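Sequences and hints are given; from them, build the entire structure.
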Amino acid sequence: MSDQALVLAASAIGAGLAMIAGIGAGIGQGFAAGKGAEAVGKQPDAQGLIVRTMLLGAAVAETTGIYGLVVALILLFANPLLGLLG
Amino acid sequence: MSDQALVLAASAIGAGLAMIAGIGAGIGQGFAAGKGAEAVGKQPDAQGLIVRTMLLGAAVAETTGIYGLVVALILLFANPLLGLLG
Amino acid sequence: MSDQALVLAASAIGAGLAMIAGIGAGIGQGFAAGKGAEAVGKQPDAQGLIVRTMLLGAAVAETTGIYGLVVALILLFANPLLGLLG
Amino acid sequence: MSDQALVLAASAIGAGLAMIAGIGAGIGQGFAAGKGAEAVGKQPDAQGLIVRTMLLGAAVAETTGIYGLVVALILLFANPLLGLLG
Amino acid sequence: MSDQALVLAASAIGAGLAMIAGIGAGIGQGFAAGKGAEAVGKQPDAQGLIVRTMLLGAAVAETTGIYGLVVALILLFANPLLGLLG
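Protein chains in written order, with this note's numbering: chain L, 1 to 86; chain B, 101 to 186; chain D, 201 to 286; chain U, 301 to 386; chain V, 401 to 486.
Don't take every hint at face value.
[Said to hold, decoys possible] Here are the computed lysine to aspartate or glutamate pairs in the DMTMM-like style, where the Cα-Cα straight-line distance is at most 25 Å: (1) B:142 <-> L:45; (2) L:42 <-> U:362; (3) V:442 <-> B:145; (4) L:42 <-> V:445; (5) B:142 <-> D:203; (6) V:435 <-> V:445; (7) B:142 <-> U:303; (8) U:342 <-> D:203; (9) B:142 <-> U:345; (10) L:42 <-> D:203; (11) L:42 <-> B:145; (12) D:242 <-> U:338; (13) V:435 <-> B:103.
[To be verified] Partner residues aside, some chain V positions facing chain L, computed with beta carbon under 8 Å: (14) 415; (15) 424; (16) 425; (17) 431; (18) 434; (19) 438; (20) 446; (21) 447; (22) 448; (23) 449; (24) 456.
Simulated from the structure, these hints should not be mistaken for laboratory data.
On a predicted model such as this, the values are computed, not experimentally measured, just so you know.
Every residue gets a Cβ at the ideal spot worked out from N, C-alpha and C, and that includes glycine.
And the structure:
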């Protein structure tokens, strides 16, 4: 087992773990979708404003899922740890 | 145990871990489905708008689950870590 | 311990991990079922529309669980990692 | 440690992990059961429709738990990974 | 297996684990987005104030997700543990 193989193997596991952050955005944005659908049912006239607010909030909720994706992609495609091997 | 085997084994585990992100979309979209059904029951006339808002929000909630799928498929079918082995 | 055995062993664990995504669909679709039953109780006349909206939303919530199943079946029956062993 | 033992041991762990998906159906269907009971209490006349909607939704929520069971049974009784050992 | 490789491998796994913190911000901000959409539907005139309050709260909820990102980036790009190796 070489040093490189060990670091790369751990990077594969780390990338998978980082994606778990996506759970949060999925739950939160789904809640926003449900409340948005409910609000549109009650005030169809305000649909434009409701959907815009829902999507603005959902975009904020997406950020931490994207952080996880970025860390996973760094581990997969631009692994900085390999360069630190002596 | 060769270097390649270690990296590939870890990639299999990483791919499985990445799929766990799907928990979020499942919970969130199910919440949206429930709230959508409830809203349709109260305002059947607004069904079109309600369902459209529900599906728009659900599509946003799907994204982080798809990120996880993409990372898993990269690990399985286009593993960039193997090429980094010395 | 051969290289193949290590990759196959990790694939078994990865397949199991991928199935954990199913937690989300179970919770979400159950919520939709509950809200659907509640709405049908209040507006029995709208049962058709309510159930259709519930099932449409539940189908969307099923997707990420199916992604996990697909990744698990790939790991079990069409393992691409074995072919990458040198 | 033989190759077969390693793959079989990991299959046991993978089968156990796959069953964790059952958490979702348990929570979701329990929620549906609770909301169904609540709705029947409020509108006893609509009991037939309420229970039918509840069971339909609960059946959908069962699916991802069954996927996990199928993957576990494959790992236990029809392990495709053993046959891939060289 | 060198000392450096072991520390770097563990750092990759640690970085992935740190990102899991993002689950919280995703759920919380999505809840805020849903309640914001609901409030805009009820008082469309107050949309500006509602959205500003929603975003202010979401910014606070983002912090722990960013803490996780910072720790992951430190582990990846400015690993202080390596320098402590004798």
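Could you tell me which of the hints above the structure violates, numbers in ascending order? Hints 2, 5, 7, 8, 10, 13, 20, 22, 23, 24 not satisfied by this model.
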